[in-house]
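A.B. asks: Sequences listed follow chains D, E, W and A, in order.
Per our numbering, the very first residue in the first sequence carries number 1; after that it's consecutive.
Per our numbering, the very first residue in the second sequence carries number 1001; after that it's consecutive.
Per our numbering, the very first residue in the third sequence carries number 2001; after that it's consecutive.
Per our numbering, the very first residue in the fourth sequence carries number 3001; after that it's consecutive.
Keep in mind the hints are simulated off the structure, nothing from the lab.
Among these hints, one or two may not hold up.
[Stated by the list, open to error] Straight line, CA to CA, 27 Å or less: simulated DSSO-like cross-link-like pairs of lysine-lysine:
no.: 1; chain 1: D; residue 1: Lys123; chain 2: W; residue 2: Lys2083
no.: 2; chain 1: W; residue 1: Lys2133; chain 2: D; residue 2: Lys100
no.: 3; chain 1: E; residue 1: Lys1123; chain 2: W; residue 2: Lys2133
no.: 4; chain 1: W; residue 1: Lys2156; chain 2: E; residue 2: Lys1004
no.: 5; chain 1: A; residue 1: Lys3133; chain 2: D; residue 2: Lys123
no.: 6; chain 1: D; residue 1: Lys16; chain 2: A; residue 2: Lys3398
no.: 7; chain 1: W; residue 1: Lys2047; chain 2: A; residue 2: Lys3016
no.: 8; chain 1: W; residue 1: Lys2156; chain 2: A; residue 2: Lys3258
no.: 9; chain 1: A; residue 1: Lys3133; chain 2: W; residue 2: Lys2239
no.: 10; chain 1: E; residue 1: Lys1098; chain 2: A; residue 2: Lys3081
no.: 11; chain 1: A; residue 1: Lys3400; chain 2: W; residue 2: Lys2258
no.: 12; chain 1: W; residue 1: Lys2292; chain 2: A; residue 2: Lys3047
no.: 13; chain 1: A; residue 1: Lys3157; chain 2: W; residue 2: Lys2259
no.: 14; chain 1: D; residue 1: Lys16; chain 2: A; residue 2: Lys3158
no.: 15; chain 1: W; residue 1: Lys2081; chain 2: D; residue 2: Lys41
no.: 16; chain 1: D; residue 1: Lys115; chain 2: A; residue 2: Lys3315
no.: 17; chain 1: W; residue 1: Lys2258; chain 2: A; residue 2: Lys3109
no.: 18; chain 1: W; residue 1: Lys2133; chain 2: A; residue 2: Lys3328
no.: 19; chain 1: A; residue 1: Lys3133; chain 2: E; residue 2: Lys1032
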Amino acid sequence: MNLKELYQEIILDHGKNPRNLRKTENFNKDAKGHNPLCGDKVHIYLKINENKKIEDISFEGQGCAISMASASIMTDLVKGKEEFEVKEIVSDFLDMIKEKDKLNNKILHDDDKTKLMCLSGVKQYPMRVKCATLSWHTLTSAINNSQEEINTESN
Amino acid sequence: MNLKELYQEIILDHGKNPRNLRKTENFNKDAKGHNPLCGDKVHIYLKINENKKIEDISFEGQGCAISMASASIMTDLVKGKEEFEVKEIVSDFLDMIKEKDKLNNKILHDDDKTKLMCLSGVKQYPMRVKCATLSWHTLTSAINNSQEEINTESN
Amino acid sequence: MNIIDIKKEFPIFNNKVQNNDLVYLDSANSSQKPLVVIDRIYDFYTKEFSNVGRSVHYLAVAATNLYENTRSSVQKYINAKEKDEIVFTKGATEAINLVASSFGHKYLKEGDEVLITELEHHSNYVPWHYLRKSIGIKIEFAEINQEGEVTIDEIKKKITPKTKIIALTHLSNVTGAILPIKEITQLAHSKGIPVLVDGCQSAPHMKLDMQDLDCDFYAISCHKMYGPTGLGILYAKKKWLEDLPPYQGGGGMINWVKKDDIGYGDLPNKYEAGTMATAQVIAFNESIKFIKKIGIENIAKHEEELIKYGEEILKKNNSVKLIGNPKKRGAVLSFTIDGIHPHDIATILDEDGVAIRAGHHCCQVLHDKLDLTASARASVGVYNTTEDFDKLNLSINKCKKIFNLK
Amino acid sequence: MNIIDIKKEFPIFNNKVQNNDLVYLDSANSSQKPLVVIDRIYDFYTKEFSNVGRSVHYLAVAATNLYENTRSSVQKYINAKEKDEIVFTKGATEAINLVASSFGHKYLKEGDEVLITELEHHSNYVPWHYLRKSIGIKIEFAEINQEGEVTIDEIKKKITPKTKIIALTHLSNVTGAILPIKEITQLAHSKGIPVLVDGCQSAPHMKLDMQDLDCDFYAISCHKMYGPTGLGILYAKKKWLEDLPPYQGGGGMINWVKKDDIGYGDLPNKYEAGTMATAQVIAFNESIKFIKKIGIENIAKHEEELIKYGEEILKKNNSVKLIGNPKKRGAVLSFTIDGIHPHDIATILDEDGVAIRAGHHCCQVLHDKLDLTASARASVGVYNTTEDFDKLNLSINKCKKIFNLK
Ligand SMILES: Cc1ncc(COP(=O)(O)O)c(C=O)c1O
Ligand SMILES: Cc1ncc(COP(=O)(O)O)c(C=O)c1O
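Please model the entire structure based on the sequences and the hints provided.
C.D. replies: This is the structure in structure tokens:
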């Protein structure tokens, strides 16, 4: 295991000073996520315009460095993207965390991918994978407006 | 262990042809006993006169050779005795089966004691002790007319 | 399949019991354990022990993975559709109590009927009796035929518009009858009735396929299946586990907890309250591997031959009366001897190292029906041989001699 | 008492965990097991295995005696008045569920109050919540004071004429507070209210005396007490066990069974339905012997010194905030570090072989009250040393460095 890989500077920075940690005014979609084991919570707010573009995204929540950094980086990356693009990014990220070596989507720039890959250190810490994926599952739920609260216990 | 001691001729005889296996007419006290583990059942009937003497005793029931022989020998021995004597015999017998080497009561004749000691072979078979004592516990219950059904599970 | 080699994997047979070789014919009560299972418990406690699910340190993560591996193995072994359909309990008894309580309190009301059979073990009767007492449901008994079987026709006859669940054994622990579960489930489902199967006696001896059987609930007892004591399994279709309320409440089964309300966790955590039998679950994976290594078909074939052999030898013994005569007899042979009570038989057999069970085998309703207070039962596992039945027969003859029977 | 010798009796410490010596500070979650206990399980399965209570053959008789011996040992160890007051369960969680269900359904009705505390583990809250849902009882929470304790005065304040049972922990698994159970029981009994004590955290660390405490119910978790997983104990006064209805139904707990009615068995069988955790019960006798050999007073003294040492060292660490400040702290030390989430702490500590727990420790109500989502917890057993706390502190400093804290 490699703590340095897990707690890279960028993770610590985003964990300490999360971007988009606020509540979007006039959000039109949202969802809550929760990890019952450790108590981590996240609430994602989306403002999607008529062209299905994410005009704004923000989140509120509490959690460990990994989960806060993950939410922070995620919100940064998907802002301005279109819904179908976001879905592809999310599933690419989840695949990467689960098993793949790298990100394969054609949407993100290489430097954004590099940022995201900083979260891959979590792969060596099975109990912490949930921390990294909570906000991503919750984003999917918000987009689908499925209203069901995301609960990483089962993921 | 010693099977020959357990299944002595006298036990086999009483087991096969139990004495007093009937229901006393005009009985004035009775009690039921039951061993839930093996299904053994016994119902004891007493006719006790105004002088507290056991005029008649009988039993109905089903069970293994040990339990039938024990009930048969017991009923034979206590018939005609007075209540206080019977109580002493019962407790002496139960003590013997539990821990003592011999019977100490002054009521029974030596040849009756010998008969009773035939049941002591059961001491080497802990799971079978209940078979030998069921009718004795039930007799106590009948004398006390406690109405509670004897259940050897806990004894 | 070489039985002698397999028997060597069970250390219990290395030691004499009261100077005799052990002839263990009490596997329907509980099976002996192969060394791989015992070793797994030992290794887990000596090198890897931690509680599961709750901590993030190395040992806890490893233990949690091992624990969940067993769940996956069980899922595959019984061909359940999803891993989440496997719930660990303390035994088959708890598994049935769970269903009776959770299903019963949600779906049963006064006058509703639960259909069980005369073959049922007390574990599949008492939990329903509780509902009879508390809710006022009725319990109907499908009756046995001359052979000690319960037929599909009998089930058909006993289903009424008020039947809300059918709960029945897969393999009788007394008559050895194997019930036509797949047909019964089809029939029941055609009338919208769920089916619970008590699989205690079938699981160690038959190939299990939940998706083929299509039953709603299936209860398994791990200690009868070459596994550790203190562990059982409830298989339940996901729709039921999602739909029914949880059973016991405690740590690990919640989602969120406030002073005024509580949200329950997802499957299968919802049904696994408190610290589970960690070591036992982890070791049970070895039981499954053990069975798979030999092949359940080979085990079944071996046991079938054994029981046929036992049946023949006992039929030739003029004092012995076999109980039940099912078309296909599972791994048990129950019998009585006129003139010798089953407890006396068991005691005398024990003197020769022959371990059988005597009593009502937790089936008093069945014994009442057969007009018996008790019976003797010889039951087999993968380690038994025809020689064991020879010894049984010899010892029975000794009983007869002691009791002066011919 | 020589801790190094005692530590040698726990084989887990012979192996490195990820190249580190194991610093096990997660005993409140589950304790490690001494070799005598592990060996007992091994020997039982390899040489003596049989199911208990049901068969009359030699192995079954021997196993039954061993099983009952543990019951006697437990009785003596906790100074219960009678052997029949000891009921084996699958865990403390089941023990509390049993009482909540059996007592609740017999004695509680809408509007009645159950008094618990803010310190309670979910295992001593969720089962009462079920009754809130099904019967409509109310659950009152005795509040903690500044130090994280629940005082007798607070209990007095929360008792009303509607209080029907008080259920509370003996030793908090988060703040380490030890509650004045004897005084609370006296107070409660003076008002005719029975008391259930969750003894999970106290049993491994304190001398227990049921007759002195005089509580009505006491729940114990054997795996936290150097015993096997999958086993718990419910102590209950005989009058309650006689009075209350049984919990689970199945084999072994009945007296007679007919198609239309069932009679339940005597104590303690009435509460032990189905095949019990035989091997675990038998092995737990060794746990008790192990504790008795060292002496619970010696264990308590050692752990007290340890906790005092840990408390001092952590108090000196400027970033660490201890949770609770009870007059006498039991074997747990919970804390937070401003700027580092407990899960990050636990992961970083784990890298050095330091195993602690992070989370809400199944006490969400308490964490809400303390305005925390999670905390870190170091807890000790007889095998811990002051060196373990030195290592903990070193690793905490490593966390701080990674997170750029001073
Ligand atoms: C205070 C307390 N109560 C109850 C429990 C539940 O015990 P178990 O999980 O062994 O059933 C625990 C341990 O998890 C505990 O610490
Ligand atoms: C047919 C049947 N059902 C249920 C049970 C109960 O299983 P357990 O005692 O393991 O809970 C048994 C075994 O005792 C059984 O044979």
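A.B. asks: Can you confirm whether the C-alpha distance between Lys1098 of chain E and Lys3081 of chain A stays at or below 27 Å?
C.D. replies: holds, 22 Å
A.B. asks: CA of Lys2156 of chain W to CA of Lys3258 of chain A, is that 27 Å or under?
C.D. replies: Holds. Lys2156 of chain W to Lys3258 of chain A sits at ~23 Å (cutoff 27 Å).
A.B. asks: For the pair we were handed, Lys2258 of chain W and Lys3109 of chain A, check the Cα-Cα distance against 27 Å.
C.D. replies: Roughly 22 Å separates the two Cα atoms, so the pair holds.
A.B. asks: Hinted pair, alpha-carbon criterion (27 Å max): Lys16 of chain D, Lys3398 of chain A. Please report holds or violated.
C.D. replies: holds, 17 Å
A.B. asks: Sort out whether Lys2133 of chain W lies within 27 Å of Lys1123 of chain E, counting only the CA atoms.
C.D. replies: violated, 41 Å
A.B. asks: Next pair to validate is Lys3133 of chain A with Lys2239 of chain W; report whether the Cα-Cα distance is within 27 Å.
C.D. replies: With a Cα-Cα distance of about 22 Å, the restraint between Lys3133 of chain A and Lys2239 of chain W holds, given a limit of 27 Å.
A.B. asks: With the threshold set at 27 Å, check whether the alpha-carbon distance from Lys16 of chain D to Lys3158 of chain A stays at or below it.
C.D. replies: Between Lys16 of chain D and Lys3158 of chain A the Cα gap is close to 42 Å, so the pair fails against 27 Å, i.e. violated.
A.B. asks: Are Lys3133 of chain A and Lys123 of chain D close enough, with their CA atoms no more than 27 Å apart?
C.D. replies: The given pair, whose Cα atoms are some 41 Å apart, is violated under the 27 Å limit.
A.B. asks: Compare the distance between the alpha carbons of Lys2156 of chain W and Lys1004 of chain E with 27 Å, and conclude whether the hinted pair is satisfied.
C.D. replies: violated, 53 Å
A.B. asks: Under the criterion that the straight-line Cα-Cα distance not exceed 27 Å, is the pair Lys2292 of chain W, Lys3047 of chain A satisfied?
C.D. replies: Measuring from Cα to Cα gives roughly 25 Å; hence the hint holds.
A.B. asks: For the pair we were handed, Lys2081 of chain W and Lys41 of chain D, check the Cα-Cα distance against 27 Å.
C.D. replies: violated, 31 Å
A.B. asks: With the threshold set at 27 Å, check whether the alpha-carbon distance from Lys3157 of chain A to Lys2259 of chain W stays at or below it.
C.D. replies: Between Lys3157 of chain A and Lys2259 of chain W the Cα gap is close to 18 Å, so the pair holds against 27 Å.
The earlier numbered hints that this structure contradicts are 2, 3, 4, 5, 11, 14, 15, 16, 18, 19.
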